[in-house]
Amino acid sequence: MRLVVVGDVDFAAHPVLAARIRTLIEDRRAVVVDCAGVTFLDSMGLRALVEGLRAADDRGLGFALAAPSQPVLPVMELSGTTELFPIRDPEPGETGS
Amino acid sequence: MGQQNGAPQDFVEVRIPAEGAYLSVLRTATAGLAARLDFTLDEIEDLRIAVDEACAILLTKAVPGSGLTCRFELRDGALAVDVSVPTLDGKTPARDTFAWTVLAALAGQVDAYVSEAAGPDGPAGAGIGQTVTISMLKQRGVGAP
Numbered sequence: 001m002r003l004v005v006v007g008d009v010d011f012a013a014h015p016v017l018a019a020r021i022r023t024l025i026e027d028r029r030a031v032v033v034d035c036a037g038v039t040f041l042d043s044m045g046l047r048a049l050v051e052g053l054r055a056a057d058d059r060g061l062g063f064a065l066a067a068p069s070q071p072v073l074p075v076m077e078l079s080g081t082t083e084l085f086p087i088r089d090p091e092p093g094e095t096g097s
Numbered sequence: 098m099g100q101q102n103g104a105p106q107d108f109v110e111v112r113i114p115a116e117g118a119y120l121s122v123l124r125t126a127t128a129g130l131a132a133r134l135d136f137t138l139d140e141i142e143d144l145r146i147a148v149d150e151a152c153a154i155l156l157t158k159a160v161p162g163s164g165l166t167c168r169f170e171l172r173d174g175a176l177a178v179d180v181s182v183p184t185l186d187g188k189t190p191a192r193d194t195f196a197w198t199v200l201a202a203l204a205g206q207v208d209a210y211v212s213e214a215a216g217p218d219g220p221a222g223a224g225i226g227q228t229v230t231i232s233m234l235k236q237r238g239v240g241a242p
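If you read the sequences in order, they're chains A and B. If you're matching positions, the first sequence starts at 1 in my numbering and goes up one per residue. If you're matching positions, the second sequence starts at 98 in my numbering and goes up one per residue.
Derived by calculation from the structure, the hints in this document are not laboratory data. Every residue gets a Cβ at the ideal spot worked out from N, C-alpha and C, and that includes glycine. Warning: the hint list may mix true and false statements.
Stated by the list, open to error - Here are a few chain B residues that face chain A, going by a calculated C-beta distance under 10 Å:
| # | residue |
| --- | --- |
| 1 | E110 |
| 2 | R112 |
| 3 | E116 |
| 4 | S121 |
| 5 | E150 |
| 6 | I154 |
| 7 | G164 |
| 8 | F195 |
| 9 | A196 |
| 10 | W197 |
| 11 | V199 |
| 12 | L200 |
| 13 | A202 |
| 14 | L203 |
As the list claims (entries may be wrong) - Each pair of labels, with its calculated beta carbon distance range:
| # | chain 1 | residue 1 | chain 2 | residue 2 | range |
| --- | --- | --- | --- | --- | --- |
| 15 | B | R133 | A | A30 | 40 to 48 Å |
| 16 | A | R28 | B | E213 | 50 to 58 Å |
| 17 | A | G80 | B | E116 | 26 to 34 Å |
| 18 | B | E110 | A | D58 | 44 to 52 Å |
| 19 | A | R59 | B | G238 | 46 to 54 Å |
| 20 | A | G80 | B | K188 | 44 to 52 Å |
Construct the complete structure from the given sequences, taking the supplied hints into account.
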C-alpha cells in the first residue's frame, strides 16, 4: 500500500501520520510512504516513520520510503537514520490513500 | 555594523499558544528574520528546523493552555533565539533524543536552562509551572557539520 504524504510533517501532524501507518500495518499490509510531497519534516515526523518501520519489521512486513524529498533528508541524515529505510522509486502515476 | 556578533540590534518576540498547530507560524517568522540577516538558504532552512525542534521538545512538557514564547535577537551576523514555556516538570530536556541531536547539529550553540523564578503552583524547584528555556545562537557563514 502506497501512503502519499503531502505537507509539513511536524509536531502537529505526526500523530496523524503515525495512526495511518499503524492502521496499515495492523491490516498486515506492506507500506511504501511516498515522501515526494513532504514540504517539511522534523524529528517528530521522523519518529512516526521509525516506529512504522519497527512495527512492520516485527510483523515481517515491508516498509519503505519513496522519493524522500529535500526537506526529508537533512533530519534523517543528522539523526543517523538514513540507512534504516529501504528506498523505492517513485511511481508518479499511482496515488494511494 | 561590521563587527561580528556585536551588540544586539533588534529584538522580535513571538508568543503563541503552546500547541503544535502554531509551529508553522514560528517557522515562517524564523525564515523571515534569518533572511533579513542575509543568512544563506541552507542556513535559513537549518534555523527553521532548529527552532521547530526546540519548540517541539518544549511542547511535549508544556503546561496545557499556556503560551510558548520565542524571542529572536538580531545581531550583526548572528541570530540568537530563546524559546520558553512553562513546563509540567521544571526540568531541562533529555539530550539523548532525535530532536536534541538534530537541534544541536543545526543550531551551532545550544543550551537549556530552568528559570529560577517560582512557578505559579509552588515554590522554585517544585517543578510544575516552572519555565524552561532552550537557547540557541546561529552565526552566519558558519556551516553546519
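**Report entry** Hints the structure fails to honour
**Finding:** Of the numbered hints given earlier, those the structure breaks are 1, 2, 7 and 20, listed in rising order.
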